[in-house]
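**Q** Here are the chains, one letter per residue:
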Amino acid sequence: MAWIVEDRLKPYQPVRSEPYLTAQIKDHVAGKYFPRYPNRRAALLPLFHVVMHEYGYIPTQAIDEAAEFLGLTRSEVQDAVTFYEEFRLEPTGAYVVNVCRSIACELCGHKEVLAKIRDVFGIEPGETTDDHKITVFEVECLGACEQAPCALINEDLHGTINPGDFCAVLKALPATPAGGH
Amino acid sequence: MAFSGPVLLKRIPNDPQQRKLLRYADYVATGGYASLKKAWGMPAEDIIKLVIDSGLRGRGGAGFPCGTKWTFLPKESFPRYLAVNFDESEPGTFKDRYLSDYDPHVLLEGIAIAGYANKISTSYIYIRGEYHKQARILEEALQEAYANGIFGQKHPGTDIVHNCYVHRGAGAYICGEETGLLESLEGKRGWPRIKPPFPAVAGAFAKPTIINNVETLACLPYILEHGAAWFKSMGTPSSAGPKLFGVSGHVNKPGVYEDELGIKMSTLIDKYCGGVKGKYRAAIPGGVSMGILGTDQFDAQLDFDIGRKYNVLGLGTAGVIVMNDQTDLVVMLRNIVRFFAHESCGQCTPCREGTAWMHKMLNRIVAGYGTAKDFDLLLEVGLSMGSMPGTTICGLADGANWVVKTFLQKFPDDFKKRLKRDVVAGVTLTPAGAVV
Ligand SMILES: Cc1cc2nc3c(=O)[nH]c(=O)nc-3n(C[C@H](O)[C@H](O)[C@H](O)COP(=O)(O)O)c2cc1C
Ligand code: SF4
Ligand code: FES
Numbered sequence: 003m004a005w006i007v008e009d010r011l012k013p014y015q016p017v018r019s020e021p022y023l024t025a026q027i028k029d030h031v032a033g034k035y036f037p038r039y040p041n042r043r044a045a046l047l048p049l050f051h052v053v054m055h056e057y058g059y060i061p062t063q064a065i066d067e068a069a070e071f072l073g074l075t076r077s078e079v080q081d082a083v084t085f086y087e088e089f090r091l092e093p094t095g096a097y098v099v100n101v102c103r104s105i106a107c108e109l110c111g112h113k114e115v116l117a118k119i120r121d122v123f124g125i126e127p128g129e130t131t132d133d134h135k136i137t138v139f140e141v142e143c144l145g146a147c148e149q150a151p152c153a154l155i156n157e158d159l160h161g162t163i164n165p166g167d168f169c170a171v172l173k174a175l176p177a178t179p180a181g182g183h
Numbered sequence: 056m057a058f059s060g061p062v063l064l065k066r067i068p069n070d071p072q073q074r075k076l077l078r079y080a081d082y083v084a085t086g087g088y089a090s091l092k093k094a095w096g097m098p099a100e101d102i103i104k105l106v107i108d109s110g111l112r113g114r115g116g117a118g119f120p121c122g123t124k125w126t127f128l129p130k131e132s133f134p135r136y137l138a139v140n141f142d143e144s145e146p147g148t149f150k151d152r153y154l155s156d157y158d159p160h161v162l163l164e165g166i167a168i169a170g171y172a173n174k175i176s177t178s179y180i181y182i183r184g185e186y187h188k189q190a191r192i193l194e195e196a197l198q199e200a201y202a203n204g205i206f207g208q209k210h211p212g213t214d215i216v217h218n219c220y221v222h223r224g225a226g227a228y229i230c231g232e233e234t235g236l237l238e239s240l241e242g243k244r245g246w247p248r249i250k251p252p253f254p255a256v257a258g259a260f261a262k263p264t265i266i267n268n269v270e271t272l273a274c275l276p277y278i279l280e281h282g283a284a285w286f287k288s289m290g291t292p293s294s295a296g297p298k299l300f301g302v303s304g305h306v307n308k309p310g311v312y313e314d315e316l317g318i319k320m321s322t323l324i325d326k327y328c329g330g331v332k333g334k335y336r337a338a339i340p341g342g343v344s345m346g347i348l349g350t351d352q353f354d355a356q357l358d359f360d361i362g363r364k365y366n367v368l369g370l371g372t373a374g375v376i377v378m379n380d381q382t383d384l385v386v387m388l389r390n391i392v393r394f395f396a397h398e399s400c401g402q403c404t405p406c407r408e409g410t411a412w413m414h415k416m417l418n419r420i421v422a423g424y425g426t427a428k429d430f431d432l433l434l435e436v437g438l439s440m441g442s443m444p445g446t447t448i449c450g451l452a453d454g455a456n457w458v459v460k461t462f463l464q465k466f467p468d469d470f471k472k473r474l475k476r477d478v479v480a481g482v483t484l485t486p487a488g489a490v491v
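As they're listed, the protein sequences go chains A and B.
Residue 78 in my numbering sits at position 76 of the first sequence; the count goes up by one each step and never skips.
Residue 245 in my numbering sits at position 190 of the second sequence; the count goes up by one each step and never skips.
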């Protein structure tokens, strides 16, 4: 729920000396995205997509660093970042499985997909397997309703899912994904 | 009415095996970018007039006349922006994705035409975060377009350089609402703005901004090519042109199909989708905000008059979701209301509280604890939370209102038979025929 902020605010994670926004990330964002907009603030979403891609989540410290980099207050950055569901504030497993739960997918059996994942991996939506390989979430419509039930495994869409086959695909994935998060 | 074959889908074969992504060269080889060249040879005002004459109405949900919207830009106020609405997050909607999956350049050509007609400096394609693959396709197509002088050049006859960028969202339905989109584009939470000022006057970065849906823009090259009269020869008097229909749910061949506006839903389903899987019971005409069509409305004509004629909110995105007679409509309404409760941005009390409470009530009814009063209460909460203009900032609350209202009006018995009638206050309830 976009307006519930409390349960997304996580305790402050320990500070580490090397920055999360490395010089490389900053150069990339400054070079590619700053010229696109009349102000730096507009590069906030692109910047955090880069952070997500790099770390798989958004460390609290990265919010501070981003504030400085974009010339904003910490609260302005926090306010924006916590609004978006794709920006996760806690680490997940190597693979994030986003199972669609909206109407077309419910009509076509999304519950069976989740039940099979529960059977095979022992995880409910929001949970991660003990080996940190898979985290499963339920999400709203993925814009692929003709392929219901469907799910994203990291960036890849899987449609017309057969629950058993889908879990077999998940099982067969290498321990770490090829293309980063 | 004269629809003689696919327009927007003319480059995308019916057979899934034969579909492939069209690169710049493929697109040009099939007549692509000829319309842009033609547009560049015309005065900008003539293009706006042509679009007005064509009767093109917005394909993003509201059906606002496209050319008329363009005329709201204040004269001589620059820079101007174009925000392309590729948020496509309304459950049941996937037509824009389908178009960009295979034919991304038709969107870029549409953007270039709209950009020239409106003297736009920068166009932002706001694409939902979950469309990873589509964002990559568009980035690549943009590179090709830049390399071929479609973008990064001055609009002919002006000093305005036109750039176009992909801007990715990050998982929030409300960023499809046009002013929520602008806030998100500016790096803020996607909270819709109170209007006025309207985006045409003060939009992105407080500058004049046009917001158009992907499919709306994709119509432009064809209108330039064939003219306003041709476009108007398809559809109905109020609803001109061809239209993409995304059909999902209980049909044999779900997918994106094209026909003219005004086609009967039954025809669409029988002609293209291989018929209903099972026996037809109900359908959502265009994304879940629109409400539900009843069992006797299978023949509803899908055009912009649908709201008035069939007691739904409107055509919306023309994402048709079909439900057969095995469907539990109470569970489906709960699903839709859950969606709205989850996606409400929380600014307006009626929307934030109303959607959340309706979800709780539906949970209770589905679990078998509903009381006889709940039917009226649900209707009352639903009716008092939307009704634009007035009580809320944006149309999300209206969508929730319409969906609850039409489900209860058209299928009252589905709800009433789930309600426990003999409830005494203070007594622990047991579920009445609990269903999960
Ligand atoms: C809650 C809400 C969500 C919306 N989501 C979308 C969307 O995902 N895509 C879209 O094109 N329009 C969406 N709209 C409609 C836009 O506000 C706007 O009317 C449209 O983008 C204008 O483009 P058009 O005139 O070309 O249709 C939404 C509206 C509301 C109220
Ligand atoms: S109506 Fe709902 S979604 Fe729209 S601005 Fe108000 S609270 Fe947000
Ligand atoms: S409802 Fe699942 S993808 Fe649209």
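No lab work stands behind these hints: they were computed from the structure.
Since this is a predicted model, take the numbers as computed values, not measurements.
Hints should not be assumed to be uniformly reliable.
[Unchecked claim] Below, a sample of chain A positions facing chain B; criterion: calculated Cβ distance under 7 Å: (1) Thr24; (2) Tyr57; (3) Glu88; (4) Leu91; (5) Gly95; (6) Ala146; (7) Glu157.
For glycine and all other residues, C-beta sits at the position ideal for the given N, C-alpha and C.
**Q** Look at each hint and say if it fits the structure.
**A** Do the hints match the structure? See the list:
no.: 1; hint: Thr24; in the structure: violated, 21 Å
no.: 2; hint: Tyr57; in the structure: violated, 15 Å
no.: 3; hint: Glu88; in the structure: holds, 4 Å
no.: 4; hint: Leu91; in the structure: violated, 13 Å
no.: 5; hint: Gly95; in the structure: violated, 18 Å
no.: 6; hint: Ala146; in the structure: holds, 6 Å
no.: 7; hint: Glu157; in the structure: holds, 4 Å
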